[in-house]
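Asker: Mind the numbering: the sequence shown is residues 2 to 153 in this note's numbering, read in order.
Treat the hints with care, since some could be wrong.
If you anchor each label on the Cβ, the simulated ranges turn out as follows [claimed, not checked]:
#1 H106 <-> V78: 21 to 27 Å
#2 P108 <-> L77: 15 to 21 Å
#3 D115 <-> L94: 14 to 20 Å
#4 L43 <-> T81: 31 to 37 Å
#5 P33 <-> D120: 37 to 43 Å
#6 W67 <-> G30: 36 to 42 Å
#7 A8 <-> P108: 28 to 34 Å
#8 E122 <-> M44: 26 to 32 Å
Hints were generated in silico from the structure; no laboratory data involved.
Glycine is no exception: its CB is placed at the ideal position from the N, C-alpha and C atoms.
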Amino acid sequence: MLSEYVAEELPGTPTDVHLRLGMPTQLKGRPPGWELERPYYLMTLQEADLVYRVGDVVHLCEFGVWRPQTKLGQLLVYRTLLPDTPGYLDTPLEAIRPRLVVGRHEPAVTAVADATGVDVEVWRRPRLDQVIAQRTGYKPAQGIRIPRGESS
């Protein structure tokens, strides 16, 4: 979903995919030499699916089909970590636009996202609709239920 989204929606836009966020606890305050030490701690840092800039706005995106409420919570944390991330050290919180990209609309998640300043984008494609239908028995394109295991 992520790679298809970048190819279709952001052609030619410089992006950071699976960006490790923030500064390791051991390097808080950015002591001398932090740039050389940070790579050793990357596996301990949280990871955003996609980050890119358009003008002065930084878009911070998480992608999800299942349990989007989890991704929503991650975005709220990631937003606070991004300004401590190399390449984004100059980014004020108000310039960060968190976005949850989902394969189906979930009203409760959208309501919480709206209340917390997170954009929700429902990004549907036929292949994704088929995956959702196979797992849930619901085919969103036609709004009908289909037996699990069947596809059309």
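Asker: Starting from the hint 26 to 32 Å, judge whether the C-beta atoms of E122 and M44 obey it.
Answerer: About 29 Å separates the Cβ atoms of E122 and M44, which means 26 to 32 Å holds.
Asker: Between L43 and T81, does the beta-carbon spacing fit 31 to 37 Å?
Answerer: Cβ of L43 to Cβ of T81: about 18 Å, so the range 31 to 37 Å is violated.
Asker: Measuring from beta carbon to beta carbon, are D115 and L94 in 14 to 20 Å?
Answerer: With a Cβ separation near 18 Å, D115 and L94 satisfy 14 to 20 Å, so the hint holds.
Asker: Quick one: are A8 and P108 within 28 to 34 Å, going by C-beta?
Answerer: holds (29 Å)
Asker: Using the C-beta atoms of W67 and G30, is the stated range 36 to 42 Å upheld?
Answerer: holds (38 Å)
Asker: Do the Cβ positions of H106 and V78 conform to the proposed distance bound of 21 to 27 Å?
Answerer: holds (24 Å)
Asker: Are P108 and L77 spaced within 15 to 21 Å by their CB atoms?
Answerer: holds (19 Å)
Asker: Kindly confirm whether 37 to 43 Å is satisfied by the beta carbon distance between P33 and D120.
Answerer: holds (38 Å)
Of the numbered hints listed earlier, the single one contradicted by the structure is hint 4.
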